[in-house]
Amino acid sequence: MSLPDYIKTVSRQGRVDITNLTIQFGTGKQSFTALHNLSMSTKPGEFVCLLGSSGCGKSTLLAALAGHIQANGGSILVDGQQINGPHPERGLVFQQHTLFPWKKIIDNVAFGLKMKGISRAARHEQARELLKLMGLAGFENHYPAQLSGGMLQRVEIARVLINSPKVMLMDEPFGALDAQTRMMMQQLLLEVWERIKTTIVFITHDIDEALFLADRVLVMSARPGRIIEEINLDFTRPRHAELITSSHFMQLKRHCLELLHPQNSHFPLQRVHSLSDAPASEPDFAH
Amino acid sequence: MPPAGILKTRFARFAIGRLMLRAGSLLICILAWHLAATHHINLGIATFQNVPSPPDVLEAALALLHSKKMLAHLTASMSRVFSGFLAAAGVGITLGLISGRSRFAEDVLLPPLEMLRPVPAVAWIPLAILMFPSSELSMVFITFTGALFPILLNTIHGVESVEARLIASARSLGSGRLAIFTEVILPGAAPNIFTGLSIGMGTAWFCLVTAEMIAGQYGLGYYTWSSYTIQNYAAIVVGMILIGLLGMVSSLLIKKLGNLLMPWHVARRNKS
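Here the protein sequences line up with chains C and P, keeping their order. Using the working numbering, read the first sequence as starting at 17 and increasing by one per residue. Using the working numbering, read the second sequence as starting at 1408 and increasing by one per residue.
Keep in mind that the hints were calculated from the coordinates and are not lab data. Watch out, some of these pointers could steer you wrong.
Pairs of lysine-lysine residues, derived as DSBU-like cross-links and limited to a Cα-Cα distance of at most 35 Å, are as follows [claimed, not checked]:
{"no.": "1", "chain 1": "P", "residue 1": "K1476", "chain 2": "C", "residue 2": "K130"}
{"no.": "2", "chain 1": "C", "residue 1": "K119", "chain 2": "P", "residue 2": "K1663"}
{"no.": "3", "chain 1": "C", "residue 1": "K130", "chain 2": "P", "residue 2": "K1475"}
{"no.": "4", "chain 1": "P", "residue 1": "K1662", "chain 2": "C", "residue 2": "K120"}
{"no.": "5", "chain 1": "P", "residue 1": "K1663", "chain 2": "C", "residue 2": "K120"}
Label pairs and their calculated CB-CB ranges [said to hold, decoys possible]:
{"no.": "6", "chain 1": "P", "residue 1": "E1567", "chain 2": "C", "residue 2": "G44", "range": "25 to 31 Å"}
{"no.": "7", "chain 1": "P", "residue 1": "F1511", "chain 2": "C", "residue 2": "D250", "range": "55 to 61 Å"}
{"no.": "8", "chain 1": "C", "residue 1": "G42", "chain 2": "P", "residue 2": "V1498", "range": "49 to 55 Å"}
{"no.": "9", "chain 1": "P", "residue 1": "F1511", "chain 2": "C", "residue 2": "Q40", "range": "26 to 32 Å"}
Which chain C residues face chain P? A few, computed with CB under 10 Å, are given here [to be verified]:
{"no.": "10", "residue": "A82"}
{"no.": "11", "residue": "P102"}
{"no.": "12", "residue": "R106"}
{"no.": "13", "residue": "L108"}
{"no.": "14", "residue": "P117"}
{"no.": "15", "residue": "F127"}
{"no.": "16", "residue": "Y159"}
{"no.": "17", "residue": "R175"}
{"no.": "18", "residue": "I178"}
Built from N, CA and C at the ideal position, the CB exists for glycine as well.
Build the full structure now, drawing on both the sequences and the hints.
The structure is reproduced here in structure tokens:
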């Protein structure tokens, strides 16, 4: 399958530098620190997975990168530019899709281009190509309610890709899918990414998923979130499902398990998801 | 899975079955009324002694139908109801969108409106006569007060129920304030707005008799009210039935219009 021209020009951008990022929620006694002095960076076109158990602040980190929440300290640069609110160059994909139920699939995908003022014919053409790339040709005129969960996530990814983002931010995008669909989506994501080479920051608590997808895995500690380990993965690409059962993979998996669940110190933490069902103490970013 | 053709016929049979059931229920009610009225049944707390029977009512209806005034009654009432309804839709949706989006507007606008909401239409009559230069406008105003609140409150509810995640996502995709409003808030609130419009249409008809108490000559409400004053009981029932029918049909039309404009909503409902 050939790739649309407008997508090929994206790469070699998307360097992310996060320095000493601190994020707190609430005030007074109610306040708590979600992230404390966290630093990380990505190379352009790199696939980075943030791995951590629930409540470690990884979603908060992603929401800050997206520009939906403000940092209390530190800086986030994308290609040397300080980020300043949400922007289509940083596309966001959630676990629960956020497609507009009232728009047809093709109009959902073309939405970003509509916001840029591109004509209907031109944006539909691009959307159609992207839907084909995601294996959804023929579903252009359906409504989201008529598609399955896996298909909806593919539409969601296409909707972000149409903006040619420098960075794609993915917050457990396949977490709600069944195991088989999830595996298929991981392979599809890798296929698409290997063509477009945009930077991906991918959040997951699933060790297999992180090790299978990423160039580099950053393991986060429990709250306040810090990065406690960096794992470079040199598995050859394209990767296939057999990788998961290889001995090197298993060895790394065991290592990650120990990092995430050290003996005697695992307390379940209240989930702090920054962009859905936000507790009242969090900033009201949506208005 | 059976082929689509069979499914369709099954569905059609099912639909016809339900239709017959509904028609049957209506027929039984009329029959019960007929028996009660012709036998002058006395239930103790209620009596059918002076209640006109269905044939009497039919006769009165035919008389009205053949009179030259029928068309004038109909057009007068419909223009009053629709003007009041349209004004209420304009004001209700606008205020609802604003108060749904802005807490400040909600705090400023809602308290006085909430206070006016329980005031019944009939209590508005003297003030409406004093406030408006023509009785026609007073009547429109009374149907307006009936339709306003369901539309306003449903619109506010619709706007507030738009998911924050969708708004956040639209911002991420490059939407500004105006685009968020037109692309997310408005379509997101649309199902609730249409519910409000459909209820509001019903309540506008509901207030018609009250409104047309001040009418001089024409209108279904006026016809009903004046029949009462001259003790023409069969005609009262004709007026009641006509108002009920017109209210039901126009509410239904609004609902159909909503389904036509929101095919996605129908798709979503059929799924769940």
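Structure-based check of each hint:
At most 35 Å may separate the alpha-carbon atoms for a hinted pair to count; K1476/P and K130/C exceed this at roughly 55 Å. Our distance criterion of 35 Å between C-alpha atoms is met by K119/C and K1663/P, whose separation comes to about 19 Å. With a C-alpha separation of about 56 Å, the suggested pair K130/C and K1475/P falls outside the 35 Å cut-off, and the hint is violated. Using a Cα cut-off of 35 Å, the hinted pair K1662/P and K120/C holds, with the two alpha carbons roughly 22 Å apart.
The suggested pairing of K1663/P with K120/C holds, with an alpha-carbon distance near 20 Å, which does not exceed 35 Å. Evaluation of the 25 to 31 Å hint for E1567/P and G44/C yields a pass: the beta carbon distance comes to about 28 Å. Between F1511/P and D250/C the C-beta distance comes to about 57 Å, which sits within the given range of 55 to 61 Å. Against the hinted window of 49 to 55 Å, the Cβ-Cβ separation of G42/C and V1498/P comes to about 40 Å, which falls outside the hint.
For F1511/P paired with Q40/C, a C-beta distance near 27 Å keeps the hint of 26 to 32 Å intact. Taking 10 Å as the C-beta contact cut-off toward chain P, the hint placing A82/C at the interface holds, the least distance being around 6 Å. Hint on P102/C holds. Least Cβ distance to chain P is approximately 4 Å, under the 10 Å limit. This hint holds: R106/C has a C-beta 7 Å from the nearest C-beta of chain P, less than the 10 Å allowed.
The criterion of a C-beta within 10 Å of any C-beta in chain P is met by L108/C, whose closest approach is roughly 5 Å, and the hint holds. At about 6 Å, the closest approach between the beta carbon of P117/C and any beta carbon in chain P falls short of 10 Å, and the interface hint on this residue holds. Given the 10 Å rule on beta carbons, the hint for F127/C holds: about 6 Å separates it from the nearest Cβ of chain P. The restraint placing Y159/C at the interface with chain P holds, with a minimum CB-CB distance near 4 Å, inside the 10 Å limit.
Annotation: R175/C was flagged as interfacial toward chain P, and the flag holds, the nearest CB pair being 7 Å apart, inside 10 Å. Residue-level restraint check for I178/C holds (minimum Cβ-Cβ distance to chain P is 9 Å; threshold 10 Å).
Hint compliance for this structure: hints 1, 3, 8 are not met, and every other hint is.
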